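Chains S and E are the protein sequences, given in the same order.
Just so you know, we're using numbering that gives the first Met the number 0 here: the first sequence kicks off at 0 and counts up by one.
Just so you know, we're using numbering that gives the first Met the number 0 here: the second sequence kicks off at 0 and counts up by one.
For the record, the hints were derived by calculation from the structure and aren't laboratory data.
This one's a predicted model, so the numbers in the text were calculated from it and none came from an experiment.
Fair warning: there could be bad hints in the mix.
Distance windows between CB atoms, simulated [as the list claims (entries may be wrong)]:
{"#": "1", "chain 1": "E", "residue 1": "16", "chain 2": "S", "residue 2": "218", "range": "38 to 46 Å"}
{"#": "2", "chain 1": "E", "residue 1": "115", "chain 2": "S", "residue 2": "217", "range": "48 to 56 Å"}
{"#": "3", "chain 1": "S", "residue 1": "144", "chain 2": "E", "residue 2": "16", "range": "41 to 49 Å"}
{"#": "4", "chain 1": "E", "residue 1": "1", "chain 2": "S", "residue 2": "14", "range": "44 to 52 Å"}
{"#": "5", "chain 1": "E", "residue 1": "14", "chain 2": "S", "residue 2": "15", "range": "19 to 27 Å"}
{"#": "6", "chain 1": "S", "residue 1": "144", "chain 2": "E", "residue 2": "98", "range": "33 to 41 Å"}
Note that beta-carbon positions come from the ideal geometry of N, C-alpha and C, so glycine has one too.
The primary structure of each chain is shown beneath.
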Amino acid sequence: MKSAAFDYERPTSLPEALDLLDRHGEDCKPLAGGQSLVPLLAMRLARPRLLVDLDRVPELRGFTGQAAGAMTTNAQLERRAGDLPPVIAAALPHIGHFQIRNRGTVGGSLAHLDPAGEWPALALLLEAELTVESKRRGRRTLSAGEFMRGPLTTALAADELLISVSWPRWPAGARWAFAEVARRPGDFALAGAACTVIAGRTRAVVFAVGPLPQVAGDGGFEVTGDLHASAAYRREVGKRLLDRVMTQAAI
Amino acid sequence: MEQSLRVKVNGQDLRREVPPRLTLADFLRDRLRLTGTHLGCEHGVCGACTVLLDGDAVRACLLLAVQADGREVTTVEGMGEPGRLTPLQRAFLARGAFQCGFCTPGFLATGEALLRSGRRLTRAELPQLLAGNLCRCTGYGPIVDAILEATGSR
């Protein structure tokens, strides 16, 4: 449980960070809050030659009611819960334990893209837009669906950094629900679902059941089993949670 | 390559050279010999290594020592001492909130952060707030009692 050796850089501006990624590409890994990456390093599932610590890049900070810089911590957002779409505010307490939320960031969760993560599910549910940037190709904006490629796999190129995530204005009268099942509060979800009803349009997402969060439709959803829960368990619990959030959001 | 680290630990300004892969937990235990911070799982699940970073409870095993550069760390050694225990430590003692003691430094750090947050703590919400720390001996009841008692003493 000790990570392999790596070099470490702590850039103090976005151009400096992007330049490091440009020069080191696949050999380097950006470090946000480290709540997922540090254990991966310790288990040697990740062995970058260089870590680029984004902690002191001011361009990645900041929060408005409709957008968060990638380095915004979940704890910072919890303190601004009243300014957030209520479905995000409801999901935040489920993101790890509060000690994890003190360090864990929005951007780190999205870029890590654990299928059980709440942020990928929220981004898909709210049809969020993710702004990414590289030194050579500049900025581009991706939908949540375009950004997510597979478990732990995003559309980010090796020289690209997630800058911020934004979501549409939350309209008055919109309805929502969020539910997840985990062994302890704050543990990885074994299944989860969330729903919004905005201007009469219902959108529901199921997560922590398959390779990625999925928009619920008529065709059911893809499930995978692992040590923590079988595929059959996730299908059943995912279906029940979807029913629950859609019922709650409809009332 | 070693990195220069300036950090305040339990009120003392330190400057050390550390390899980037060294976690804050290993820095505290192996370099500073502050072995009160315990390591259980080393991947953020058990909470035994919880310390305060600029007053916030964090997992010392999920933080590289270099990430604490320019910050202030408080470990269980910085919370009180024999004969001068903190109100939370006195409450843990009075309520029998530990048996083997392995998890205690982590619970004290979590409890201290909760007390310092100034929020009104209720018995109903404490199990949720303590979910990030595992205890295998006490059944948690005495720990909840101790934190509530310490809240009352402030």
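**Prompt:** Okay, which hints does this one fail, numbers in order?
**Reply:** 1, 4 and 6
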